[in-house]
Amino acid sequence: MEDKHLLSVQDLHTSFFTDAGEVHAVNGVSFNLDPGEILGIVGESGSGKSVTAYSIMQILESTGKITGGKILFKGHDLTKWNTSKLDKFRGKNVSIIFQDPMTSLNPVFTIGNQLVEAITLHTSRKGEAARKRAAQLLTLVGINEPERRLKQYPHELSGGMRQRVMIAMALACEPDILIADEPTTALDVTIQAQILELIQSLQKKMGMAVILVTHDLGVIAEMCDNIIVMYGGRICERGTAREIFYNPKHEYTKGLIRSIPNVNNMKEKLVPIAGTPINILNLPKGCAFCARCDNCMKICLTEVPEELSINKDHKASCWMNVKEAFEERGGTK
Amino acid sequence: MTPLVEVKNLKQYFPVKTGLFKTEYLKAVDDVSFYINEGETLGLVGESGCGKTTVGRTLLHLYEPTAGEILYKGTPVTEKNIHSMRQKMQMVFQDPYSSLDPRMTVEDIIGEPLDVHHLCSSKAERREKILHLMDLVGLNAEHATRYAHEFSGGQRQRIGIARALAVNPKFIVCDEPVSALDVSIQAQVINMFEELQEKLGVAYLFIAHDLLVVHHISDRIAVMYLGKIVETGTADDVNYNSIHPYTCSLMSAVPIPDPDYTRGRKRIVLQGDVPSPLHMPSGCPFRTRCNHACEKCAQEMPPLTDRGNGHMVACWVK
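If you're matching them up, the sequences are chains V and Y in order. Our numbering numbers the first residue of the first sequence as 1 and each following residue consecutively. Our numbering numbers the first residue of the second sequence as 334 and each following residue consecutively.
Among the clues, some could well be false.
List time: in silico PhoX-like cross-link candidates among lysine-lysine, alpha-carbon distance up to 20 Å [what the hints assert, rightly or not]:
(1) V:Lys298 / V:Lys323
(2) Y:Lys532 / V:Lys267
(3) V:Lys204 / Y:Lys341
(4) V:Lys204 / V:Lys92
(5) V:Lys88 / V:Lys126
(6) Y:Lys532 / V:Lys269
(7) V:Lys267 / V:Lys285
(8) V:Lys269 / V:Lys285
(9) Y:Lys413 / Y:Lys341
With beta-carbon atoms standing in for the labels, derived distance ranges [stated by the list, open to error]:
(10) V:Gly275 / Y:Tyr346: 44 to 52 Å
(11) Y:Val650 / V:Pro107: 55 to 63 Å
(12) V:Gly275 / Y:Thr438: 32 to 40 Å
If you are wondering where the hints come from, they were derived from the structure by calculation, not from laboratory data. Note that the coordinates shown come from a computational prediction; the quantities given were computed from them, not determined experimentally. C-beta atoms are modelled at their ideal positions from N, C-alpha and C, and glycine is treated no differently.
Chain Y extracted, bound-state conformation (with noise of 0.2 Å):
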């Protein structure tokens, strides 16, 4: 079965004026492959800075990738074909408030990518189709004339995400969607998702910070270091059965609410901080802070290996 969308060998380096005549490449993204099944969530983790919205970006051609191959349904997305392969994948960013335009009313901001894809015959077509994506989401239809500041930060995320539905798309890269939002509201657009994902069928790629939501809301978990990704499986096995010394630690850093687990366990602390893209250690990029990093290690970056149901670990110690 060919998956709906696959990522292959993706890498995207960014160009940056080290001098007056030297540049030297920002690696964001180095080798990253990856699938994702049709109706599916990949949740996609890392901290800031490891390239996770890069990823994102990049499987839309907002960013022109540097090498590497992404793949709809087996058909190559080009820089030639992008524009009609948007009506198939669809963004969703994080921040609510930069996202829309202040001088659009939700009718327009929504009917952009209908006009855009020529998606409605007539008016009237127009006008019912936006309705009925503003009931989709929970909007009211008498707000479609207002404009977004009128709206809180939770009904403009509902606002994105009917713009990314309007042309009916089979995948949505989902960028923080939720991480700008407060605890109670957070809970209303994560089960907005996991319903429109029930209904139309949708495969997201979720892409967080917050472990505990991504576990909640994916079926695989990929988790990323320094453009790296260096474990994925299934959202239980990387969670519950980590491998990877980094996401090992990641997952016992995360604070649980409930005091009674939380005090019990005991907590891999990280020593340092993630060291600069730009000066990336050789071997694997997690060396540095790893407790297990052995002479191999600075030597060769360790392939992505099976150890049992689809469970990727790249790591030469473990």
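With the rest of the complex left out, here is chain V (with noise of 0.2 Å):
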């Protein structure tokens, strides 16, 4: 059962130790990735879904600890792997793109220093043939003259050339997983579409599954099969594109679907959503969306709600479904 999945992450709890207090910054965070997979993780700031990401790869900063639940890889618990085992898993396994391109590279090194450290760290290749592996990852991505390229610095380029360097580091070993958090914030439309349609063509390419972190929902809609939506370190919904979409059961993912512009109507009013995003600091004794949801009801401020299948491509966490299940069997148990 457990190695079916090629990534299970099981009840991961995340905080932050920090002078104000522990951060819950993941509570309770469980899903299951598929080889081949391109999974969306959606949220404001703050609703815990890149500390998820980062959780998975272990590269918290000094003050986070993973302080419960399970990561499986192939039925492998990595939180309880050491550090030399971790480094061979990162990069092998998984790899990550950041946000920024900028202040993941280092502005010290060539591209080609880089590009062929992270080759001979974890491939058999060395000198030379590393060299011509990371001409050929860069081709890869589509960048030319790369001959010339592993010769400049990161400075010498520009963002969207940065980001396919990143990638290209990134799948120097052929990864089973990617994680992309938020690899296009960063960049402008035009330049967003390339790198989608790259992140896209390799993933088909090579097979690998993907993680997409990304606010965007833009983004989401375009190029994933899955998606989770997180508010306040939990999950909120999770289904299929189309059912999040089209047939959204929670109250949040209504609240931003219906604060974004319509298509179909584009002088259509919005509709925001009302208060200011969580402050997990002090997270509700419910519902973390509670304070700012329009159909809150008493068990909502006390009770955290179980997640409910709606159908078999799509569940939610949002007592609403209850009430409306019991309601349709007649209010009666």
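Make the complex out of the two chains shown on their own, each in a separate frame, by following the hints.
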């Protein structure tokens, strides 16, 4: 059962221990990832989407710690691994690309230096062979004149180019999973389209699984097979792209979709979600979204909603669905 | 009818030292003309570095324009009369974190333009005006004595908008006012812009790179590429009937939050990057990335020509 999935995150809890106290960034997140799947994690700032991704890579800041749960990669729990085992795992099995390609490349080394380093560390290729492979990777991600680019420094490249280099580096050892943390947020629309197209085509070519973390519902709609919506460190809804966009069943997801312009009727007034994003320093006792929800009920304030299956491709954690199901059955249990 | 604000052949060049004695000019805005009517919203879109922010700032003489004219109700805006003009034209900035003085209370921030333009005769009147403005943008009266850092991004943007509204302007330049905000907060601020326009009749120059938001809020849209306007027209015309190859690819690149729609359409992916504005290509600036470029494009910049209903396009081929 357990090795059926490529990656299985089970009841993950991640906290940051700060001066202001323990911050529960991720509170019991579970999901599975299969080979060749593109999974989207969407949420606002502070929803715990990036922390979930960093927990999988085990690259949390020094104050961050996984306080509970399991992360199974092909059936092995990575939270129990030591540093040397993790070093082999990162890059070879799972790679990550970050939002800002400027700060994630080292400014004092050439592109070639950094690519060759990644290749020699994780594969058996050394010296000239590694350099050839680096040039090959640059060609793969659509950079022309790879030999010349290898000798350049990050500042000599444009933002889109740098993100391509990051992708090339992440793909150096043909990982099973690519985590993309807001890969196009810092880029312009036309460059964003190029990068998304690149990730899609590489995913098809190499058959890897992709976890795409973003706040942009448009990017999610375009790229993902399955979507997870997060709020306040918890998953509020999950399902296929069509289910999430056309049949949202959590009040937060519904609110998100109403607050962006409707493509079919551009002049329609937006319906914003009231209030401000959650302060994860003091999470409410019940549903994290209750303070901003229009349909908040008594039970929402005190009890965390359970995840309910809407259909086989769709689950949501909202008491409203429980209420509706109850009423449908005529109010009897 | 004279438009509220009219810009004629605006140029803004910045000197860049490229050698010890060599200075080149970066043409941030090159020969741009447009107009905005009373109570109207003009959306200005384009990629980073296309000069859209510079246009907004030059309108208010935050930069001295290199050439060209800016007219407010037919009166030229110059260095001499800009102080009084700023009672009619105001600005809201992109970053709600750095555009508010951390050492001033909300009351002082909103009150500063009132003091500068001597709009209040007594302290009580000043206080009353400030509270009215705060109410207008949806801030509580008890927030008046707090400092900017005590607010969230969306609320700070509201403070910035209240400050712009303090002098009762007829025209506001909004430079990426929602791009630093979360999606759910964006909608709150966009709705507020729309309500204020209905209530006060202000006109906006709405600068943003999020094309969906711009389409939603604007009456008309102008598309910029490397310092030039390449297409302008009503919001629907520019979005649904785009003609210029750059606008077409821009529109097709926007990720649409609708899985069936977005996966069914054909994306026009542009090759390469935007050229450096220091070394602009000859003729049409877009020709290096354009699939339709011909010889004429390299020789001469195409003028904006009317394609019906005020839909102006600068392209030789299309």
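Violated hints - listed by number, lowest first: 3, 7, 8, 11, 12
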